[in-house]
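Asks: Dock chain B against the given chain A, drawing on the hints supplied.
Here the protein sequences line up with chains A and B, keeping their order.
First residue of the first sequence? That's 1 in our numbering, and the numbers climb one at a time after it.
First residue of the second sequence? That's 1 in our numbering, and the numbers climb one at a time after it.
Treat the hints with caution; some may be incorrect.
With the C-beta cut set under 8 Å, the calculated list includes, among others, these residues of chain B facing chain A [unchecked claim]:
hint, residue
1, N154
2, G156
3, A157
4, E159
5, F160
6, L164
7, R165
8, T168
9, W169
10, P182
11, A186
12, N221
13, R251
14, T258
Since the hints were made in silico from the structure, they are not lab data.
Just so it is clear, CB atoms sit at the ideal spot from N, CA and C, and this is done for glycine as well.
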Amino acid sequence: MVARGAPSGMMSHGHPPERTCTPAAYIVERPRSHRNQGMAVIQSHVSLNRLSHVFTDGRVPLRVLQHLTFDVPRGKFLSILGPSGCGKSTLLRAIGGLLMPSEGAVTVSGAQPRESQARREIGFVFQDPSLLPWRSVISNVRLPIEIAGRAALPVVDPETVLEMVGLSDFRNYYPHQLSGGMQQRVALARAIVFDPSLLLMDEPFGALDEITRSAMRYELLRIWQSQAPTEERRTVVFVTHSVAEAVALSDRVIVLSRQPGRIVADVDIELPRPRSEEVEQSRPFLDYANHLRQVLRSAA
Amino acid sequence: MTSRIREAVRMFALYVLPPVVAFALVLAFWEFYIAWKDVHIIVMPAPSDVVERFFEDPEFFWREASWTLYEATLGLALGSIAAIALAAIMAHSRLVERTVFPLAIVIKVTPLVAIAPVLVIVLGFGTTPKILVAALLSFFPMLVNALSGFRDVNPGALEFMHSLRASTWQVFTKLRLPSAQPYLFAALRITYPLALIGAVVAEWFTGDRGLGVVIYVANANLDTPTLFASIAVLACLGVIINIALSLLEQRVLFWHETVRTTR
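Chain A on its own, in the form it takes in the complex:
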């Protein structure tokens, strides 16, 4: 179980913990904008500075993200939680270099996301597994290597990656022969075949049934935690609208408000790792979940 009382170790920003509605003493919220507070930023893997985005292609300009500022340290699991339409996916695409934000800046490892993308440091998993149906499982996993050509050096053996997600026996199957959960595991394998240091996941389990969904949660954690020294773990930014998913997976949860998405809460989740399904029965888990639900309700 988690130590009661706010562990001040996590609150290294030099700010007193801000508390909203204090459901339990160990739930601490980060101060909202803690950037440039004399903190060394070298550690942070992803860094956002007053990022805003407005879609101008519609008839009326649509403001989806409003002044987002936060850092994600290397090796951390961060979830972005928010009601649908708050711009979570837009945020993820901005971090991944698929979209230029209209204002503000994103950096990944101190560089433009597009540069990190070119160095194959970013892996993407979408809600729709979007595998290529005419390619077998193993051939889908090989796709990124084919696209990179000889330019890309550090490649994990696709067979190894497939084994990691538990699909070695299905290497020659085609996507239509697999269940939704298995397809999503192929999508995960495909995303990590370059061993990216940053993994961006956009509601990857959103289309799965409840049972598969919670199984996939711990499957993902198992794969993520299997990278032995904690510092060498992948940084994960995980977009979801499921509170349970966010709490179970993350080191930290950022809650966005309804459109335009602003940060309404930034909570460290200090549940012990490795986590397994039982964690969802524990008192702290339920407290975190209740707290986040409350924040979400007031944000919506």
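Replies: For chain B alone, kept in the frame of chain A given last:
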């Protein structure tokens, strides 16, 4: 084993027998009607006359049919390749689409029978005008289908390709072209018969070989058995092409819903 035989018999009874029976009934009625009303052979031959004519010299029909098939297939290949190439460019540029599409529509709406004599004047009496007419006829449906196919890609897969920094060419060969396969097959089912029509019509105007010529000459000589035998051969060609395309489609598009759900 017996269950497999029973299954085969069941499939035959369900899928093969009904059309065969319907076809046989039509022929029987036709034969009977000619005999009953004593229709002259110059007006309308009986099916038996047609069959008899065919087996008098099957090699002749085969030779002429293969000319027509050759012209149609070559024309289809040229027209399809041009259409696919153009569609690929149009899929990437709205400007090219806006520029070229009206021209393609002009080609489409102009009656072919009006173009064919011009082509003969310009290109002479050889096989070239026939191939070109077949190509022109098969061009437009292939263009429209290929364009839709190249655009109808899974947005997630496209985004994933972009996240991998895939080049436009890689996106085309690894995503757009395979995605378009169902569209291309749908187009082929329309354009192959069209190419056959194009070749036959072009043969009417000029030339000394091909089923179109045979039909033209037989018509002029009131040789109805030869006329009908040629038509029957053309119909058989169409059926064979259709079956061949289906079999090919099942092999190539094994991953696609339309093939999976019809099995």
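Asks: Given T258 of chain B was flagged as interface, is its beta-carbon under 8 Å from a beta-carbon of chain A?
Replies: With a minimum Cβ separation of about 12 Å from chain A (threshold 8 Å), the hint on T258 of chain B is violated.
Asks: Holds or violated: is there a CB of chain A closer than 8 Å to the CB of E159 of chain B?
Replies: holds (6 Å)
Asks: Going by Cβ atoms only, is P182 of chain B closer than 8 Å to chain A?
Replies: It is violated, given that the least Cβ distance between P182 of chain B and chain A is near 10 Å, above 8 Å.
Asks: Against chain A, with CB atoms and a cut of 8 Å, does the hint on L164 of chain B hold up?
Replies: It holds, given that the least Cβ distance between L164 of chain B and chain A is near 5 Å, below 8 Å.
Asks: Under 8 Å is the threshold here; is the Cβ of G156 of chain B close enough to any Cβ of chain A for the hint to stand?
Replies: holds (3 Å)
Asks: Hey, does the R165 of chain B contact hint survive, CB to chain A under 8 Å?
Replies: holds (6 Å)
Asks: Hint A157 of chain B vs chain A: min CB-CB distance below 8 Å?
Replies: Constraint on A157 of chain B satisfied, holds at 4 Å.
Asks: Does the closest beta carbon of chain A sit nearer than 8 Å to the beta carbon of N221 of chain B?
Replies: violated (53 Å)
Asks: Is the hint on W169 of chain B kept, meaning its closest Cβ partner in chain A is under 8 Å away?
Replies: Not OK, violated: W169 of chain B not within 8 Å of chain A, min 11 Å.
Asks: When the nearest CB of chain A is found for N154 of chain B, is that gap smaller than 8 Å?
Replies: Since the shortest Cβ distance to chain A is 5 Å, the answer is holds.
Asks: Does the CB of F160 of chain B sit less than 8 Å away from some CB of chain A?
Replies: holds (6 Å)
Asks: Hey, does the A186 of chain B contact hint survive, CB to chain A under 8 Å?
Replies: violated (16 Å)
Violated hints, listed in ascending order, are 8, 9, 10, 11, 12, 13 and 14; each of the other numbered hints is respected by the structure.
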